[in-house]
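> Listed here are the chains, written in short residue letters.
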Amino acid sequence: MSVNGAPGKGPQGDLTPEERAALEDRSSDLGRKLREARQTEHGQRPEAKGRTGRSEAMGRAMKLSSELVGGVVVGGAIGWYLDSWLHTKPWLFILFFLIGTAAGMRNLVVGAMQQKTPSTPPASGGADKDK
Amino acid sequence: MASPIEQFNIKTLIPLDFAGIDASFTNASAFMVGAVVLASGFMVVAMRERALVPGRMQSMAEMAYEFVASTVRDNVGEEGMKFFPLVFSLFMFVLLCNLLGMVPGSFTVTSQLVVTAALALLVIGIVIIYGLWQHGLGFLKLFVPDVPPVLLPLMIPIEIVSFLARPLTLSVRLFANMLAGHIALKIFAGFVASLLAAGAWGIIAPLPLLLTTALTALEVLVAVLQAYVFAVLTSVYLSDAVHGGHH
Numbered sequence: 058m059s060v061n062g063a064p065g066k067g068p069q070g071d072l073t074p075e076e077r078a079a080l081e082d083r084s085s086d087l088g089r090k091l092r093e094a095r096q097t098e099h100g101q102r103p104e105a106k107g108r109t110g111r112s113e114a115m116g117r118a119m120k121l122s123s124e125l126v127g128g129v130v131v132g133g134a135i136g137w138y139l140d141s142w143l144h145t146k147p148w149l150f151i152l153f154f155l156i157g158t159a160a161g162m163r164n165l166v167v168g169a170m171q172q173k174t175p176s177t178p179p180a181s182g183g184a185d186k187d188k
Numbered sequence: 009m010a011s012p013i014e015q016f017n018i019k020t021l022i023p024l025d026f027a028g029i030d031a032s033f034t035n036a037s038a039f040m041v042g043a044v045v046l047a048s049g050f051m052v053v054a055m056r057e058r059a060l061v062p063g064r065m066q067s068m069a070e071m072a073y074e075f076v077a078s079t080v081r082d083n084v085g086e087e088g089m090k091f092f093p094l095v096f097s098l099f100m101f102v103l104l105c106n107l108l109g110m111v112p113g114s115f116t117v118t119s120q121l122v123v124t125a126a127l128a129l130l131v132i133g134i135v136i137i138y139g140l141w142q143h144g145l146g147f148l149k150l151f152v153p154d155v156p157p158v159l160l161p162l163m164i165p166i167e168i169v170s171f172l173a174r175p176l177t178l179s180v181r182l183f184a185n186m187l188a189g190h191i192a193l194k195i196f197a198g199f200v201a202s203l204l205a206a207g208a209w210g211i212i213a214p215l216p217l218l219l220t221t222a223l224t225a226l227e228v229l230v231a232v233l234q235a236y237v238f239a240v241l242t243s244v245y246l247s248d249a250v251h252g253g254h255h
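Sequence lines, in order, name chains Z and W.
Each number in this note's numbering corresponds to the 1-based position in the first sequence with 57 added.
Each number in this note's numbering corresponds to the 1-based position in the second sequence with 8 added.
Looking at chain Z on its own, in the form it has when it is part of the complex:
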């Protein structure tokens, strides 16, 4: 489409060249926005990411703060149960308490590592996540 078409031609004949140029600008602008929207359709929208960044960070903090405790409690509980079952008090409790602490640490570290690179491209399907 040519911008400098003479007035009086075609269905938009009564537009001045300036108006027509403005129309062209707007339609190409719209086209660009549509293309951008299509590209980000299956990914994270950048502007939405910035807005939710703060509450997302709080969510992460809440998530991480309970990881360590969870590992210790589960490890301790397993050890306690095995001890009373096998009559090996207190050795398995001590062992599993330590394992549980390590597991909690592991969850904490893995969780923190994941969050450093939250925007993995969806195509890779999170295959590069975790370890």
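Everything labelled a hint here was simulated from the structure, so no lab data went into it.
All C-beta atoms, glycine included, are put in the ideal place defined by N, C-alpha and C.
Among the hints, erroneous ones may be present.
Unchecked claim - Covered by chain Z, according to a simulated footprint, are these stretches of chain W (three or more residues, beta-carbon under 8 Å):
# : stretch
1 : 170-182
2 : 219-228
3 : 236-250
Unchecked claim - Partial selection, computed: residues in chain Z whose CB lies under 8 Å from chain W:
# : residue
4 : M119
5 : T145
6 : A159
Given the coordinates of chain Z, assemble chain W onto it according to the supplied hints.
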């Protein structure tokens, strides 16, 4: 002043008994039904128009959809979208239960460990069953990290315990946040009443009132955040089931 934990009492509304199992319809059941009815009712009503340019209700519903969809896509990938209905239902249920609990005088379903534990066990159960079904025994590679073989006897128990800790942290996080938040609210609100009843001390009664107001805002934030965290972690765990142990 009423006890701060009185609000968590389960009251039987309709007594039911199946072969010796107490299956009464309680206030907890009522609020769960309420959350489900509200969530599905909202989605149905909001999407009735199906307008190309969404109205207020429709854009809220679409925001909820896109929010959960991008969470699932980010954490599991495109193939994880088959779990989208599960994650979306869990998110809406937890969100509505949390927000219903913020209505004064209502009951907070998610402050009951048995409810959050059931939700967490559902998630972990699906992860284990789907993982074993998709990858067979190869799913157990999840417990074998990439470390020198010498370290494996140490690392495998750690990985197993850390996997077992997931349902616990998932359920306790939600339950503890809701429980603690509601107890704190009740206690500070109770201070206002007891200060007003204490004669001259009534002059500082607005202080706990201000704090209660601030806490209420915080609790609404926590209610939404916890639903979000639940949805994110569900997707993270489902990612293990979809992609198996090999990363």
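> Hint by hint, note whether the structure agrees.
Results for each hint:
| no. | hint | in the structure |
| --- | --- | --- |
| 1 | 170-182 | holds (count 8) |
| 2 | 219-228 | violated (count 0) |
| 3 | 236-250 | holds (count 8) |
| 4 | M119 | holds (6 Å) |
| 5 | T145 | violated (16 Å) |
| 6 | A159 | holds (5 Å) |
Going down the numbered hints, you'll see the structure goes against 2, 5, while the others check out.
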